[in-house]
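Student: Sequence:
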Amino acid sequence: MVISMDGRAETSGRNKGEMNTGQAGMDYGELAFSQESLNFSLKPGEQTEGSFTIFAPEGVIAEGWMVSSQLEMECLTDEFVGAEAEVSYLFSAKEMEAGEALEGFFYIISNCGEYELPYRIEIEDDRVESSLGTIKNMFHFANLAKANWDEAVKVFYSPQFKKIFSGGSDKQYYNAYKGLSSMHGNEQNMEEFLLETNKKQRVEFVLEKTDILVEDVAGVSEHGIDISRSGWGYTFLELKAEGDFLRLDKERVTEYDFLGNQFRLVFYVDGDKLHGGKNYGSIHMINAYVDITIPVTVICSMQRQRLRAARREKKKLLTELIEYYCSFRGKKISSRVWMGETEKLVEKLAVLDTRDIQTGLFRAQLLITQGRFNEVKWQMERLKTAIDEGEYRPEVWCYYLYLTTLYNEDEDYVDGVSQRVCQIYNANRDNWRIAWLMLYLSEEYANSPMKRLELLEEQFKKGCSSPILYMEAWHLLEMNPTLLMNLDGFEIQILNFASKRKLISQDLFAQIRYQAQKLKGYSERVFFILKEYYEVVPDNETLQAICSLLIKGNKSDSAYFPWYSLGVEQELRITKLYEYYMMALPEGYTGEIPKAVLMYFAYQSGMDYRKTAFLYAYIYRKRKETPEYYIRFCSQMEEFVLRQLSKGRINKDLAYLYRHIITPELLNEERAGMLVTLLFTHMVYTDNKRMRQVVVEYAFGGQEYKYPMSDGQGEIPLYGDGYKIFLEDGDGNRYSTSVLFRLERMMKPEKLLQMAMPYVTEHAGLDIYLCEGNKSFLEITYSNVEKFQRIAASPSMDRKWKNEIALKLIHYYYEQDDLEELEEALKRLEPEGMTCKERGEAIRFMVIRGMHDKAFGWIKRFGVSGTDVKTIMRMCSRLLSRDGFIENKYMTHMVYFAFHRGKYDSNLIAYLVYFYRGMLWQLEEIWKAAISFEVDTYEICERILVQTMFSGAYIGERAEIFKSYVSGGAKPEVETAFLTQCAYDYFIKEKPMDVFLLMDAVRVYERGERLHRVCKLAFLKYFSGNKEEMTPRAEGAARLFLTDLMEDGIYFAFFKEYAGKVPAVETLADKTIIEYRTKPGSRVVIHYIIERGKYTESDYRQEEMRDMYGGIYVKAFILFFGEKLQYYITEEQEDEKMFTQSASVTRGEVLYGEEENRFELINDIAAAGVLHDYDTVDRLLENYYKKEYMVSKVFRLLKD
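Each step along the sequence shown adds one to the number in numbering that gives the first Met the number 0, with nothing skipped, and position 1187 is 1186.
There's no promise every hint is true.
[Claimed, not checked] Each computed DSSO-like pair below joins lysine-lysine, with the alpha-carbon atoms no more than 30 Å apart: (1) Lys988 to Lys1055; (2) Lys651 to Lys621; (3) Lys376 to Lys347; (4) Lys927 to Lys859.
Keep in mind the hints are simulated off the structure, nothing from the lab.
No experiment lies behind these values; they were computed from the predicted model shown.
Go ahead and model the full structure; you've got the sequences and the hints to work with.
Tutor: See below:
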């Protein structure tokens, strides 16, 4: 925007050094500009001419001049004049690079004020074209991606696209681009890049509803939910259903499934898999950025719900019935408790369904158990009738027959029932209920426990999982543990069942333990059985069985460590126990390792290198407490460390061993190279287990580095800080921000790096690290200077990095006082490819070495950006001392640049005093500095005063500048004009004015020079309010000024403050003066009435007020004591009438005894009358008549 300086001109300017001293107070108004700022872009090396227009206020001819704050922006039109002036400029981007930007100001000094018009020029990158135009930056690319995703994908993977990162704020994203563009055409990676650069939001999915409710489902029914996509970009969703009654139509959704940003997710509900009431499930929508869960609730109808509830209740009661039976058989409850609870459950079953045959049979068996045989026969006859009338499953009939044998013990009858049930079983071999009845009806099974067990195993293999069958099998094993011949699926299932119910006896467990030790493999359920029993009865035999089983299963997780620890503690002799003890040690374990374990590994170690490293690190840490073990292991540890170093392995424990065991004597070129790699190795951790690789991109190289990830972690070497890390999944999708990860450094490089560097001749990673040059301990030294020289000369290194190393070498030569090498390096140095900061550093050393001309040439060519201000100051000062003060626009720019930033000396100040042309605030700063350096300021003082009058801009130090100018012998025309402007600012604009200027106006007047009226007014106004400052000389001047003004008919209210000093002022004694300020040239009218006691004029009178000076309008009234003037003022400007002000004034002064004229006598007579002081009234009337008589006799009216 255009910034206007304070103030307006009162003297008009014709040229940079010209002025006139005409009418003060010419407020010309403000300039307007065709553009509030100039913003344009160029290609590197281009130049352009342009212009903008300056508009003067209506009726004003603007004139002035213009300068630019930047050398690259040249003012072709440096002066302008007219109501409308077009000014031209030329900008050259010859030495600017793509992506650079230059900001500055045009300083415009005019007779309508001073202005700063900002400009900004950006240098374009190489263009990337698209259907939307040139892609210049990431904002443009984001717009293209939003408008046409497919085209944006092509642009993203085009060779030209990387050019948009060559400069500007987008430069920071180049590493991210390199990593995310490596897999050509991958849309997910482009989506990640846009997210990385904050140019878009993630695609959001808005659901039609946040949960789904389905009612009254029959069979398999189709349902759906609409999903809206908000935002734009790559779209991919993986769909999953949770709940066995749910099935999805699709498993993956892509952008092509969204038509008009809408997608209908179709799913199916299987009614046969529902239970009564509410069924809960969910649908999950997952991608790299979102994980949305849609709850699904399916409600069955009330009728079906009741049926299902009844079935569920029946199932629950049957389950409880079986549980009580198992508790009774396992001797956990008495027979009385069992029968009582069973009777209650049977009654509840009967209530649910009074006609259920199975419930009737339960009741009959319960009556038999209770010995109520009469009731049994009646119940069984009723059930027989129902069975004959209906169709029932064969097990129901077999159950009925079995019950009859419990109260009819006739041998023939029992045999007959047995045969009939056997026939039915042979026809239904997979019916475990009939098989269970066979155990009690068939003599074959009744007399052979082994056959009973075989029958039960047969039913188990056919899918039976009934607790009744398990109880029968457990009972057989409990009665005869030797029946447990092995631990296969059937036996383990039975024992697991029994273990959970604490049914395993000591004898049976002894057989279990024996069989467990014979197992060749691992069984989780056998481990559970052993563990459960050990917790109740801990003994070493069981512990040995547990540890042996775990070792067979290769169980080395930390969860098993307590068992191995117990085994070691109990000194069990188990092969590989110590190895598994170490392998199962929890991460971060800080406890003690038993001596037996340490002694064991002193002779042999077949452990994984990770656990071996942990053991050796433990021994090293305890070396002071147990030196005997450290001595025993010392050679082993050294060999181990060297072996692992050669294999390039690293973890926390190895890092600890490397730091403490490696010495220079153990290193050679190969080992040192590997050690350098390990010193920069980091661990990468992420919770996202889908990640398969870590990818590292370095800022300076053209190659990316990939490292494998497993189970959310991986190892990567990182050199320096100029890298970008990506995680890559199995599909080649890369993530820089969406998948969180954590880095952990394995070792700090300082000590070992210093140790390894003498052995390393070539190591790309180390070169990278050294190139960054941000590690204080890696300074160029005598021993490594050649390495840095090699890096600086390497053709494979990016020029940016080569320049940085070249500057490090220059620093080194300077610090070593190697002046010859330093000068040679500076002579070889070329500015191309350098950053502003690097050029500035190079220029600093050129100035130090006295290479001022080369330094000046670089700054002239590339500008001051990046160069230290002190360096510019020293260079300019020495060149001025050498060559003298010759005006040069480049020198002027550099000198002022240094000065403006507070770095200058007397040479620079003197140069600016003579040659600088700019804004008043700039000249004021130069003047202040010149005063402090005791540099002659006459020239700049006059320039400031003239420019102040020309532009009308205000500066706070103008009085001091004027004093300095006057003390040097002011030019009369400048002095008078400046006094006039300051007086106008004080009197009209009410700005402060120094008393020195007022007294200088007196001196001008005394010299006989013409003094502007406003100077006299300003003088009188000031001293009317500051009488204590008035001197006899000032008093004399006041009389002269008052006489001049009163003769011209000029008067103001403050003139009355000079009553008694100038006779002419006495004419104002009886006046009440109203003043009003507005724009000169307006018509101002006062409307008034006068109140006299109870009498008030009925109509307002109106009179035009007089513009005494500069828009101060005055009207005088004569008021007597007790009279009140009520008035309002209207103002007419350009045919528009405005009400502006209203007020009232009352005359209330009493001057008893001090009256000198008839007005004062009349005023006092009126006051005495109001106060009822009639004696005074009489006395004053007598005086009045005397004076009236004398006037009439002594004075006569003059005739024309």
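Student: Against each hint, give a clear statement of whether it holds in the structure.
Tutor: Each hint, compared with the structure:
1. Lys988 to Lys1055: Given that 30 Å is the threshold and the Cα spacing comes to 22 Å, the pair holds.
2. Lys651 to Lys621: Answer holds: Lys651 to Lys621 is near 17 Å, not above 30 Å.
3. Lys376 to Lys347: This hinted pair holds, its Cα atoms lying about 22 Å apart.
4. Lys927 to Lys859: holds (28 Å)
Violated hints for the displayed structure: none, as all numbered hints are satisfied.
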